[in-house]
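Undergrad: Put chains B, C, D and E on the given structure of chain A with help from the hints.
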Amino acid sequence: MTSEVLLEGKELIKYFPHGSKGIFGKPDGFVQAVDGVNIILRKGQTLGIVGESGCGKSTLARVLTRLIDPTSGSIFLEGQDITKVNGKELQVLRRDIQMIFQDPYSSLNPRHSVGEIIATPMRIQKILPKGSEKLRVQELMELVGLNPEHYNRYPHEFSGGQRQRIGIARALALNPKVIVADEPVSALDVSIQAQILNLLEQLQHDLGLSYVFIAHDLSVVRHIADEVAVMYLGKVVELARPDALYSAPSHPYSKALLSAVPSATPRSSHMHSRIVLQGDVPSPINPPNGCRFAARCWKAKDSCIAQEPSLQSHGEIPDENVGLVACHFPEISN
Amino acid sequence: MSTTEATVGELHEYALIESKSPGRLAWERFRRDRVAVVASFVVLFFVGIALFAPLVCKALGINPLTLDRKALNDFGLPNGPFGAMSRKHLLGVEPGTGRDILARLIYGARISLFVGFVSTLLTTVIGVVLGIVAGYRRGKIDAVISRFTDLTLAFPSLLLIIALTRPFTQRLESLGVPEGNPARLTYIILVLSLFGWVYVARIVRGQTLALREREFVEAARASGAGHWHMVFKELLPNIWAPIIVIVSLSLPGYVAVESTLSFLGVGLLPPDASWGVMLGDSVKYYRADPTYLFVPGVALIVLVLAFNVMGDGIRDALDPKSDRQQLG
Amino acid sequence: MSAKVGTPLFYSPLSYLRIALITFIARRLLFALVLLAAVSLFTYLLFALLPTDPAALTCGKNCKPELIEANRVRLGYDKPIHEQYFQFVKGIFTGRTYGTGDIAFTCPAPSLGYSFNQHECVSSLIGKTFPVTAFLSLGAFILWMLLGVGTGTLAALHRGKWQDRLTSVITSIGVSLPTFYVGLLVLFSVVIWLQWLPFPHYASPSENLHDFLTAMILPWITLAVLSAASYTRITRNGVLEAMNEDFVRFGVAKGLKNRTVIRKYVLRAALIPIVTIAGLDFAALLGGAIVTESVFSLPGMGRLAIRSVTDSDLPVLVGTTLVAAVFIVMANTIVDIIYGILDPRVRLK
Amino acid sequence: MNNVRLLSVENLNVEFSTSDGVVHAVNDVSFSVHSGKTLGIVGESGSGKSVTASSILKLNTGITASTSGSILFNGKNILGVDDKAIRAIRGSEIAMIFQDPLSALNPYYTIGSQIIEAYKVHHKGVKKKEARKIALEMLHRVGIPNPEARIDEYPHQFSGGMRQRIVIATALINSPKLLIADEPTTALDVTVQAQILDLMKDIQRENGMAIILITHDLGVVAETCDDVAVMYGGRIVEKASVQELFVTPTHPYSFGLLGAVRSLDNSARGELQTIAGSPPSLLNLPSGCSFLPRCSYADASRQQCASFVPPLQNVLPTNSLSACHLRAEALNVLKIKEPS
Amino acid sequence: MKRRIIGLLGLALSASLIASACGSDSSSSSDTAASTDTLAIPGTDSSTPTAGGTIHILSQLEQITHLDPQRNYTGSDLAFVGSTMQRALTSYAYAPGSAGSQLVGDLATDTGTPTEGGKVWSFTLRGGATYEDGSEVTCADIAYGTSRVFATDIIVDGPTYAISYLDIPQDADGNSNYPGPYTATADQQALFDKAVSCSEDGKTITFTLSRIVADFNYTVTLLAFSPVPKAKDTGEKYDMAPVSSGPYKIESYEPGKSLVLVRNENWSKASDPIRNAYADSFVYEFALDPAVIDERLMADAGDDQYAVGDGGLQPENLQTVFTDDRFKDRRQDDYDPYVSFTAFNVKTVSCVEVRRAVYLGLDREALRTAGGGPYTGDFADGFVKPALADDYAPSKLPEGLNTDGTPNIESAKAALAEAKTKCPDVYAKATVEGLKFFHPDTPIWQKLVSIWIESLKAVGIVIKPTAVEPSKYYPTVQNEETDYDISRGAWGPDWPNASTMIPELFLTTGGFNLTRNGDDPAYKQFETDTKAALNELDRKAQGKKWQALNQFLVDQLWSIPGTFTKAQDLWGSKVGNAYRWSSSGSFLFGELYVKQ
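Chains as they are written, first to last, in my numbering: chain A, 1 to 334; chain B, 1001 to 1328; chain C, 2001 to 2349; chain D, 3001 to 3340; chain E, 4001 to 4596.
If we strip away everything but chain A, and leave its shape as in the complex, we get (with noise of 0.2 Å):
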């Protein structure tokens, strides 16, 4: 199932610099959060993202959506290079790219009513909907599952679940044409996740939508990534469709990653047989050459010390199963 590629990231990179010590404040270093990602979003498809704290995924979300400037790469949206769009253009661009954001609280303005937060972007965009603002707005309200009655309510009259929704009915409110969701549930009670996640698949199935989902957990993603992207210290280091992936991990990182969810299952019942990482992720200030992986690998060797493992297909016959992977000693599933 390929269908046309709407948003594609070649060899972004993003580094914040860090830190000022020094008597004349210079950065000494630079937090190479992005470091060469290339990914790719299929029109009407889910872009999983995951990784743990510090891999860099929502600085790929903001780059992507040109909250921040990437340091070099670039993006493309339905072809068109937006990397160095600007100003007015950049505004209009706005209209396609929208954000779900992760914290519901602190993604709603406190003083504005639901109305107004929906109703935003349309007075920013300038965009008067044909009937009037209150009645699209109530459109988009009754579309997420919110009582459009609640059209004069403020943030702190709902619980979170519901101020999700506001901020899902937010994005939704320009007509995106990629949608950008940062850990979109992770903030969330689990019953509530399961409702929000279905909602989002909902409407991508009714509006057509695209996104890019970024998540830590790995469950979340499964359900509703059509291909899922592994980040380990801002790299990349494993792109493939989530059945694969969780069936047979190519990565190490991935497949320790997997195995250190707990499941839903009483200990005696499932086979207990983790991988537990040792150590900490390292710095990205500084990060090590080679495979960024490779002190926390059971399989490096000093190969991967010396050289970085590029994001290729290792199957014997490269198909999308399999997808790509960036180690030079990947598992070989059968």
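For lysine-lysine, the following DSS-like pairs were computed, each having C-alpha atoms within a straight-line distance of at most 25 Å:
(1) E:K4457 with B:K1088
(2) B:K1070 with E:K4413
(3) E:K4413 with E:K4464
(4) E:K4422 with E:K4396
(5) A:K88 with B:K1140
(6) B:K1233 with A:K126
(7) D:K3129 with C:K2257
(8) C:K2257 with D:K3127
(9) C:K2257 with D:K3124
(10) D:K3084 with C:K2161
(11) E:K4545 with E:K4396
(12) E:K4457 with B:K1058
(13) E:K4347 with E:K4436
(14) E:K4457 with B:K1070
(15) B:K1233 with A:K134
Which chain A residues face chain B? A few, computed with CB under 7 Å, are given here:
(16) T65
(17) M99
(18) D103
(19) S106
(20) P110
(21) R111
(22) I124
(23) Y154
Don't read these hints as lab results, they were simulated from the structure. For glycine and all other residues, C-beta sits at the position ideal for the given N, C-alpha and C.
TA: Just chains B, C, D and E, lined up with the frame of chain A:
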């Protein structure tokens, strides 16, 4: 979830559920705070008599300028106990001139509150604008404003205010500000604002920096919001609470500074009175006429307390922490 | 500082800790120097651009234009402003000689100018008065911190009870009454009505410690009470906030005594924001000192300054403003450094 | 492992009065913990699980909190003892660790001093040197590499996982009989979570302490706990062994929760199982079963469910207890609706 | 009133700018000021003066205005410095009451010998006087001291009689050809040395004057004629550490804090017939709040038992002090040498009817009450105090002026109506535009100005106040360019002759003329008559001329007479000799002693 059925043509007006905005909620919380409500009435009362000073004095049959020799004894001191309080002079008379203290207090409230209000307004506006700009734009602009703040804070402000009073009022007069008290008051308000904005700006900058990290600011940016929208729609509405508290606390502070300037000899000119002038004058009579010492002092304390209690009430009412429960 | 808590601050074998602190301090000092340069320039320009002719103020009623002119040359007021400023700055480092021949006189470094009204070098005038102001401000500062932190903690620990309400009322009054009014009330009530103390009679501490203390106690109290008011509020809020911190709960969960938790956990956390603003409020404290010195007849720099205002004694004004600014900047810098020491996160970031 | 009943909580109620009304955070909660065992308390935010945990150490001391019921620890009612006695228990007999390892450590002191302090407060008169040695051992035990070098560093110099290890070291330095872990891994990444859970299990295996593990994550419960109490709306709605809960849940809420998690874990694309609606506010609890508004099983018994709170009862021939009016029918219903 | 314009903060008016000095007639005390003697009784009680102890002087001033004898010019400073550290050729007797107006020799053996009808004055030195370093006071030192007055760039603020009287040529602008000792060439120095010369034996000093000055021996009581040893002269800085020739010397001097005097061991009583020097030391405490001074004196505790104030009581404390018998032995209420007045700018308020309307309509009673009621002083009927008995005569005040000081609105309005037709411009200015009143920016003046505004409002005259920094008040109003309409001042005679009052206040060349009356039609007449009075050698005849001129001034109303001012004092219970020295109007500080 049967939501997607609704199509454009079938849209209808929804009944809207009555809802309470955070402001409205705060207002309700404030209304429940009885002490704060009383305090607000006291503030309103003071503001009222200040605004309508001529009417109030006329109704009471008193005048802040009328001399009353009969109320004074041969030493020039009030001729009677408690500062010669009488039906004619409800709070007694001023030593030396026999002018009615109540009337002077009422007219004095005018000037003191005027200085307080305008200084507070200016400081707040300057402080909020610069604070938001610094916190919002960050980078070089922030650096410039912050360094400017540091510089302002490094000056001994009171000393400069006193030292520059006369030359600067003269300069103001030469620029067309009416001579005398208008020029003096203009100067006082200007310098108080010049030194006062720093404190507001620091707080607002801090708040803005914190707000910037909130995702709704990012959300607005993701929708293409410009600076204007950002500042006025997203940031400002969220820093009203600290601003209101600053206002309620700094206003009486400025009344006090004005009186200090009068005490140090660079305040208001006669025959007008401000509370500061009265306080400065009254301390000399602590022995001869203690009533005079206490009347303006008590008035100031009541006003200050009222403002502070009201400010505390507003803060409690606006306190975002009571907006959500953090119980596990 | 963590000396009490088992290990001395610099125990760590990691010299990097020490280096971090040293660079931190060095940066603060450098910043202070730059700030001082800016302050001196601004002060000098501000007064130099006043519409008053400094030379005209150098002689009394028999003054003749020629004499004013002579003094103008003698004091260097005939030169362009930037040169005057340069001379002024140079004087701070090398001293300065005014005029030539018999009537020349020299102010040794650090020279801040010469007061014609008082026939003395500004630096020596300030040298005599500064200690008083320094004693006054520092003493008040300490008392103010103790009072503010003490009552603020008290109020927070008894949140909502009468102790809290009382401090709230007192601080509300204290924070906004003018210093002179409170000062005179204190003076009159303690000295005249209650006769607990003799009339203050300032003596330097080395001269007569008893006189020094009896003269300073009331000014200290006055100044401290006024400034402490706002610190009571800040402390109260800080303590309340800190008490919600997880590490405080963890401290309690360790089985520590309440006193220990408050001292080591709550106050430490609450004090840090206080320390940062305390530096800023030093300017206000100095302002209060000016008034307090007037009320209590203390021969300090504030009174010198007020006097020079009434006499239009420009060199003294410039000098006192500058010294006050140095004082403020120094206080700020010290506070910043203390902040760095108190909060390891600042220096080790 | 001995099976001594170490702690039993009976009819615990905790209320907070706020400006908006009384918050009934914990209602009539009873449970017990045995030495060497781990009790999981599961619930979503606002279910009252953290307040319950804090009550055990009397940490809800604000003037707005009022607590009733009894908490028997080694036969002694903790709620009845004075400050001094509870201080002797805190940190030495019962230790507690918190969700956010950064904020649980005092940022102004070195980690060493904080651990030593925790030791010395219950070992009066111990020399500083000795305490330091014990602290070093403990740090080593919890897996801090090179503890000699790092003991004098400050909390912010450590990573999140390391901090939680330090917190655990501090909590365990006095070998407590009971460890209350309040969402100890929520703030951590999964790989780190695995490390920390392993560590806790190891230690428990070594010294036989009891653990109360508070979490919202059923996966963590499944991996770590022996028994589980499911909380909802300030009440325990189901109490069971881990096996029982995961195999035969007896309360519609537990069932729904399990379903949501499992469908997330297992299913590929397709509709996820959910529980409709949102958790109740503890401010205005419904008069009857607080789960009723979200319960899809209560059709027949709605009247009864709405009128009074169901007691915690045995519904199956197992040991599980369920607070549901449906009881007998419940099982059948749940089974019927269980996805294939 | 002079001191009353001093602010609470010690924003002291530089008193020298009011230029005043000592004096009341030596021979007779006047009838109207008769109360002086009776009121002075508390200070001169029966206890016998004893030596020892320390006298404290409490002051709101920041420092002694000038310690440099040539620059010293205010009543209390002259009394303090003169009685402790600086001797002059002559002095008034150190005695209470009218005896204190007696002229006696000090460094000179007698009160001087005039020759050439008073154009040349010689004084014979007593000899034996020494400075604090033990060296002798010589005739040359007196001449040198006198010569310093001419160095007007350094020796500022002092009296300049030496310049105007001594026979040294002047240029067209009135500047002396002698520039003072610091910069004089030999030729210029010779000019001075010719006018002031010492005899061969150094026993006699002779002053040659440019005109007859019949009472030059009074002039030399001023410390401007005191000796300064040339070798010790530090010019500008001499002010801070002058060399003492009196019984005390400076131990320490910190302006803003204190001046401590201790005995000058090299002073010998034998050479000084007038000073008694009872106390061992003096401590002058500066920069005290005047309210605090009053309180300390009232409390009379500790060292304050040995204290006096140098500024009189504050009006707000008069009631407390004068109605409480606790204080009856240590208080006094007495006239000081000053007359207060309000000066018009005759150039802008050129209409005598308007000036009269102001005088008639002004609530002088309220003004006086604000200053302490009768304690402020008596309503003045002119510019010559009754104490100058030869020169004083009651004057005829404008018709309709209420003697009790209350305003006479009708008469004032009538005068104003007259002005409306006679001088419509000034009328319009007074009633519409307003008269600019320059006043010192002090608390008491805030009230006084309010009374001015309020009371003249009833007449229809508008007063526009302008507050001037206290220390700059006199320089401001004395500046020709300042455009005030009304200003105020107070003046006291330098010695008992109206020649130090009327010409100083009203001649265009006078030292303190605030009226700008040079263009007034009546001025020529006034100038001629004044010159005549100055040159009149017969004292009685001269007095008559002053009396006539005083009446002339009251008729012209270039200035409105204010009060013959009084001052009140309180002192510590253990202070002896606390009498008001009539020549200075202050305590005779050096004679104070500690009661055993």
